[in-house]
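Student: Single-letter residue listing:
There are 2 protein chains.
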Amino acid sequence: MQVERLKINYKTLEEFKKFKEYGVQELSMLEDLQENIIEDNCDSPFYGIYYGDKLVARMSLYERSAKYDLYFDPPQNYLELWKLEVLPDYQFKGYGKKLVEFAKSFGVPIKTNSRMKSKEFWEKMGFQTVTYDMDRDLGQNPLVWYPEGVKEKKQTAN
Amino acid sequence: MQVERLKINYKTLEEFKKFKEYGVQELSMLEDLQENIIEDNCDSPFYGIYYGDKLVARMSLYERSAKYDLYFDPPQNYLELWKLEVLPDYQFKGYGKKLVEFAKSFGVPIKTNSRMKSKEFWEKMGFQTVTYDMDRDLGQNPLVWYPEGVKEKKQTAN
Numbered sequence: 001m002q003v004e005r006l007k008i009n010y011k012t013l014e015e016f017k018k019f020k021e022y023g024v025q026e027l028s029m030l031e032d033l034q035e036n037i038i039e040d041n042c043d044s045p046f047y048g049i050y051y052g053d054k055l056v057a058r059m060s061l062y063e064r065s066a067k068y069d070l071y072f073d074p075p076q077n078y079l080e081l082w083k084l085e086v087l088p089d090y091q092f093k094g095y096g097k098k099l100v101e102f103a104k105s106f107g108v109p110i111k112t113n114s115r116m117k118s119k120e121f122w123e124k125m126g127f128q129t130v131t132y133d134m135d136r137d138l139g140q141n142p143l144v145w146y147p148e149g150v151k152e153k154k155q156t157a158n
Numbered sequence: 001m002q003v004e005r006l007k008i009n010y011k012t013l014e015e016f017k018k019f020k021e022y023g024v025q026e027l028s029m030l031e032d033l034q035e036n037i038i039e040d041n042c043d044s045p046f047y048g049i050y051y052g053d054k055l056v057a058r059m060s061l062y063e064r065s066a067k068y069d070l071y072f073d074p075p076q077n078y079l080e081l082w083k084l085e086v087l088p089d090y091q092f093k094g095y096g097k098k099l100v101e102f103a104k105s106f107g108v109p110i111k112t113n114s115r116m117k118s119k120e121f122w123e124k125m126g127f128q129t130v131t132y133d134m135d136r137d138l139g140q141n142p143l144v145w146y147p148e149g150v151k152e153k154k155q156t157a158n
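Taken in order, these protein sequences are the chains called C and R.
Be aware that the first sequence starts at 1, since it is given in my numbering, and climbs by one per residue.
Be aware that the second sequence starts at 1, since it is given in my numbering, and climbs by one per residue.
To be clear, the hints were calculated from the coordinates, so they are not data collected in a lab.
Some hints could be false.
[Claimed, not checked] Simulated coverage check for chain R against chain C, where a stretch passes if three residues somewhere in it have a Cβ under 8 Å from a Cβ of chain C:
id, stretch
1, 21-34
2, 71-85
[As the list claims (entries may be wrong)] Once the Cα atoms are required to be at most 25 Å apart in a straight line, the calculated DSS-like pairs of lysine-lysine come out as:
id, chain 1, residue 1, chain 2, residue 2
3, R, K119, C, K18
4, R, K154, R, K67
5, R, K18, C, K119
6, C, K20, C, K153
7, R, K117, C, K20
8, C, K54, C, K7
9, C, K117, R, K11
10, R, K67, C, K153
11, R, K18, C, K17
Source: prediction; values computed, not measured.
Beta carbons are placed, not taken as given, at the ideal position from N, Cα and C, and that holds for glycine.
Chain C extracted, bound-state conformation (with noise of 0.2 Å):
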């Protein structure tokens, strides 16, 4: 179980069509192969497992920068996680937490949005419910996870 950095061509996308949460993010990437603003093979924000040559599990990861930091204390570089997704017949085996983990391994904060059903899980990796703000997290149920140092940021009143 090992994972990998997914590039961004025709099979991969492809493959990210058995997955639940296809959305806009991946009919642009389609475009953008079709009308050659990408190059096939050009690193994406995904990552995912496999299991022989049929891709299983995958999450995108991306670095926001500290000035749009609005939860972490002090304000910093940090990751906001989303799509962690393991298909129906590859579920609790284990692909999930070793996406997260994969993911807490870069040692910076970590900020995802959870579907309700799944804070459990999220609990178990080590992810704390924040204090929810209307003016910054309007419809998401964000969770976050702190590395040695880093603490939620303190609300401020609106």
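With chain C fixed as given, assemble chain R onto it according to the hints.
Tutor: This is chain R only, laid out in the frame that chain C set:
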């Protein structure tokens, strides 16, 4: 069929539990009530439609100020719409449409984050998919509605 601004109180929060997208936002409101941080009957960002005395549809609607506007040209105050949801037995009866029309009646641009399955509904309501920008949109599938005279914000190179 009439849209009402929902009061935040224990009764409303109890009704919210029937909706799938019950999340951190509702839990935080419940805590605020319990700790007397907010008053019973305080106005909320939630609007809904009752059938008899049962809440059967709801949405959250929140005004964002122009300084946060990354979607519209010219930059301006706009509404963020989320948690639009109709209870299963009441779907396909126009409740969702009624709520969205209510949001549009303010005459300002609206931004929402769609689930891919609901894209057809939003397009029928006059919403358009924006050009995906990873740095801004991350895991979202943003759809927007432009009142007359407003257009999509041009992308700047990252």
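Student: Against this structure, judge whether each hint is valid.
Tutor: Checked hints:
no., hint, in the structure
1, 21-34, "holds (count 7)"
2, 71-85, "holds (count 3)"
3, K119(R) to K18(C), "18 Å, holds"
4, K154(R) to K67(R), "16 Å, holds"
5, K18(R) to K119(C), "18 Å, holds"
6, K20(C) to K153(C), "33 Å, violated"
7, K117(R) to K20(C), "10 Å, holds"
8, K54(C) to K7(C), "14 Å, holds"
9, K117(C) to K11(R), "23 Å, holds"
10, K67(R) to K153(C), "21 Å, holds"
11, K18(R) to K17(C), "31 Å, violated"
Comparing the model with each numbered hint stated earlier shows that hints 6, 11 do not hold.
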